[in-house]
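Asks: Sequence:
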Amino acid sequence: MNRKTLYLSLFGVLFTALSFAQETKIYTHQNKSYLDALELYNNEQYQAAQALFMKVKETSNDYETKANSTYYVANAAIRLNQRGADDLMEDFVERYPTSTKRNSAFMDVADYYFETGKYPYALKWYKKVEQDKMSRKDQERFNFNTGYSYYAANRPKEAEKYLAKVANSNKYGSQAKYYLGYISYEQDDYDSANERFDEINDPEILEEKLSYYQADLNFKLGNFDKAIAMAKKQLPKSDRREVSELNKIIGESYFNLEQYQEAIPYLKEYKGKRGKWNNTDFYLLGYSYYKIGDFEQAIGQFNKIVNGTNAVAQNAYYHLAECYLKLDKKSEALNAFKNAASMEFSADIKKDAFLNYARLSYEIGNPYEPVPQVIMAYLETYLKDNNEEELKNLLVDSYITSKNFAGAMKLLKDNPSFADEATYQKVAYFRGVELFTDGDYKDAVDAFEIAVKKNGTNEIKGKSQYWLAESLYRLNQFNEALAEFNSFKRDYKNLEGNEVQLINYNLGYTYFKLKDYGNAVTFFKSAANNAQLEDAIKTDALIRLGDTYFVSSNYTAAISAYDEASKLNGPERDYAVYQKAMSTGFLGNNTAKIEQLNAFNSRYGNSSLRDDALFELANTYVKTNKEAQGLATYDKVLQEFSTSKFAPQALLRQGLVHYNANRNEQAIGKFKHVVAEYPNSQEALQAVSTAKLVYVDMGKVDEYAEWAKNLDFVEVTDSELEEASYEAADRKYVEGKTDQAIKSFESYLKQFPNGAHATQAHFTLAQLYFGQGNKQKALPHYKAVAQQGGGEFVEQALTRVCEIYVGNADYKNAIPYLQQLEKEAEISQNRTFAQSNLMKGYYEQKDYTKTLAYANKVLAVPNIDNRIKSDAKIMIAKSAIETGDEALAEETFAEVKSIATGKVGAEAWYYDAFFKNRNGNYEASNTSVQKLVKDFSSYKEWAGKGLIVMAKNFNALDDAFQATYILENVLENFKEYPEIIAQAKGELALIKSQEAERNASVDPNEN
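Numbering-wise, the sequence shown is residues -21 to -1, 1 to 986 according to mature numbering (1 follows the signal peptide of the UniProt record, and there is no 0).
Just so you know, these hints were derived from the structure itself, not from any lab. The structure presented is a predicted model; accordingly, all values stated were derived computationally and were not measured. Do not take every clue at face value.
[What the hints assert, rightly or not] Using 30 Å as the maximum straight-line C-alpha spacing, the simulated DSS-like pairs for lysine-lysine come out as follows: (1) K371 - K432; (2) K389 - K34; (3) K615 - K651.
[Said to hold, decoys possible] Using C-beta positions, here's what the derived DEER-type ranges look like: (4) G715 - P395: 48 to 54 Å; (5) K722 - D425: 46 to 52 Å; (6) N509 - A961: 31 to 37 Å; (7) E725 - L547: 42 to 48 Å; (8) E951 - N366: 23 to 29 Å; (9) E656 - K432: 55 to 61 Å; (10) K107 - E18: 38 to 44 Å; (11) A873 - G715: 47 to 53 Å.
C-beta: ideal position from N, C-alpha, C; glycine also.
With the hints as constraints, model all of the structure from the sequences given.
Replies: The following block contains the structure:
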């Protein structure tokens, strides 16, 4: 029954009776058509009645009949909802101003519109009624209908004015009091509403309507027990909408009485406004579950509160965090505490949430801001807090556990008082290790020096000194490295760890670089005999021991060391065999040398030293008067290794063999071949010089002159001036006067760009610049050496050129040099370096076929370092993604994550999370993201990508709070990565759109 039920039926009867009463006079007329039309009208056949009244109006000469017919035509038009009906009635009033139906016409039309619920139209006509000409009964109806029409038009003040006039009416009083009470109720004037409702005595109104509003009134007045009783009484008699609202009244009343178990079923039955709950609705049910200890269900409600910005939301987020903690979901709790701590509605909640946020940041890491920064922010916000000591203790360790060493170093450099020296020492040490691992040796030196100077633990100080020495060694600062290594050996002999085991090995290398071969022998021997070292390192120590004996001309000892190394299954086994043959030759046993070199060529056909071995074999054949075999072996070098540094040497040697045998024409042919094929080599200069002697012997000086004048690389210089210039520069270099040496070598090269010592000058100059950390100035000099096509320094120069270009991620320029290094490298580590970076370079150029080929080459290298192995596997995985082979990518990333460190580790854990999300393993995916953001937080781009995956996981797990919170923080904290921001915005818009369908508090268009 709607709100007019009680009086509309009465109104219909009254209206019909009134119509007949008004026709008393007409019944006396002898006008059958008029009477027929009236009967049709009273039977609600308005269309037919209207047509007949129109005929009567046109044919009748009687004024009253004509007036009444016009009235009924207009009235029928209104009831038929015809266009212009109002105009017809207005026309009637104007045309028949003295008609007895004039005032009743206004009332009649208004009542009709009222009856049909068209209240604005009803008000229009009620305003025309002349109230002083109405009967008392009509006045009551007029006041009630006008009051209700104003009420329906949402104009409560006007409604009250008219309804108050019939508040004491026998017929309309109860209805009027009901609506007057309801108006007070809607205006939150609960006392007035209650007073008016209490005056109602109509049992039907009391039964049908009043219980609902009185229940709500009592709830709003805090009379919760009474509200529950009245609402429960009303439940069976209410429609669907009211049932929903009554359940809300009962549920919230129980909630306010702290009877949470009883509240839950009623709160769940609430359907929301227009089918949607708001944040408060989710909070009430969530808090009820929280209070009875059902934390899973509580989370399921709290986490639907998205974008809350009031006290309810702050409470909800705080309790949501507590629920997460109860279920050991610390990452989720971190986000909820952070949200609660960012709101100002309750100072106590804000502080406690902040405290828990700081504690959890320390415990599990923080993807959004450095952990030390979080803890310091708490300490600065809450000075002299009861938790100050606890937070300071956490701060001491947070620099290390957060692994954000770069951020921690910056913080401590700016604010050294924030931590004690022991903490500063740890942070500096671990930052140094990070930098060293990334190949930034210069900055690593700075970090390790800080760690050495700080008063912390002896262990960290010792390790820092060791890695300081390693960094200096990598920068070619060998004297400084030696001092640090010796200091470490003297002061930290009892330190546990690999550093103590490796110290003699590293001292051997350092002395070797300084050409102190006596000490190098001592330390390499010690390393080779150290049973605690890995076999690969022991083998390398033996080979380097052999090298040290070799350069010291102690060939017997060298043979012994090389022989021992060759029996082990190490990566440089071929090198040991080759060097053993060389040492045998230097002892004068060329027959044995030839046998060993031939055995080498048969056994190590794929060795990078095969060109060395063939060239040396040819030299030895010639030396032992086996000229034909020597020349044939030189030819083999030229056939198999035309780009090797030995190719121009082999041609030159062939020319010399022919010259010494007086085969002058053949000799000149070989010398010219050297010049034509290798014009920039030292051999070309020697070939020209020797060819001159041959031409002189042949008496063909003019022919030589004609040939030589076309050789633009032949430069006639004052040789004595050149020698003096070079020796002056070299002397400053030997004396350690770096800046003066640089100027002198630059001057030498400017005067003698093609001088006899140009290659040596370029290399030394490059080394000096590199040692200063000025890689860009070193680069052109390394390139000058690398482009010589052969020589003592080419491999080292090539390696440095590649290092510099790769360090700048300039693979376009790096690739040609990397290809050259791969072909020419004699040291296996350099070849592996070239292959691993060719792999990366081809990936940058999107040549995935070559990327995969080089990745497999790298993985085929025996005893490969885990870091290089993980790089190769990452390249395989990423290439697989680009070529659509996701199965291979997923499998490879899973392998990488167990061995990878640094940036590669961050990438591997991201893809682990990515594929787990793709496979629907959302919880496991979140675990991987947590690992990523905790252990690799300094690799911010991968952390940002991981957080978006985590947001997707939470959305799939129906945790809208976590999903939106994470994405909003990504938008706030990762602005330097446009792609991540764009993806986060897209995901956030999608989730908000989804949540807006069930939560009225969510605005899907809000940023």
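Asks: Given a hint of 46 to 52 Å, does the C-beta separation of K722 and D425 actually sit inside it?
Replies: Violated - the Cβ-Cβ distance for K722 and D425, about 26 Å, lies outside 46 to 52 Å.
Asks: Just tell me: holds or violated, for the beta carbon distance of E725 and L547 against 42 to 48 Å?
Replies: Between E725 and L547, where Cβ atoms are some 46 Å apart, the hint holds.
Asks: Between the beta carbons of K107 and E18, is the distance compatible with 38 to 44 Å?
Replies: violated, 29 Å
Asks: Between E951 and N366, does the C-beta distance stay in 23 to 29 Å?
Replies: Between E951 and N366, where Cβ atoms are some 26 Å apart, the hint holds.
Asks: Please verify whether K615 and K651 have alpha carbons no more than 30 Å apart.
Replies: Within the cut-off at roughly 19 Å; holds.
Asks: Quick check: does the Cβ-Cβ distance between N509 and A961 fall within 31 to 37 Å?
Replies: violated, 55 Å
Asks: Is the distance from the Cβ of A873 to the Cβ of G715 consistent with 47 to 53 Å?
Replies: Roughly 52 Å apart at Cβ, these two residues keep to the hinted range, so it holds.
Asks: Range first: 55 to 61 Å. Now tell me if the beta carbons of E656 and K432 are that far apart.
Replies: Taking Cβ atoms as reference, E656 and K432 lie about 57 Å apart, which means the hint holds.
Asks: Look at the Cβ atoms of G715 and P395 and judge whether their distance stays inside 48 to 54 Å.
Replies: violated, 34 Å
Asks: Is the hinted pair K389 and K34 satisfied, with a Cα-Cα distance of at most 30 Å?
Replies: Violated, at roughly 101 Å.
Asks: Would the pair K371 and K432 pass a check requiring their Cα atoms to be no farther apart than 30 Å?
Replies: Holds, at about 23 Å.
Against the hints set out earlier in the document, violations occur for numbers 2, 4, 5, 6, 10.
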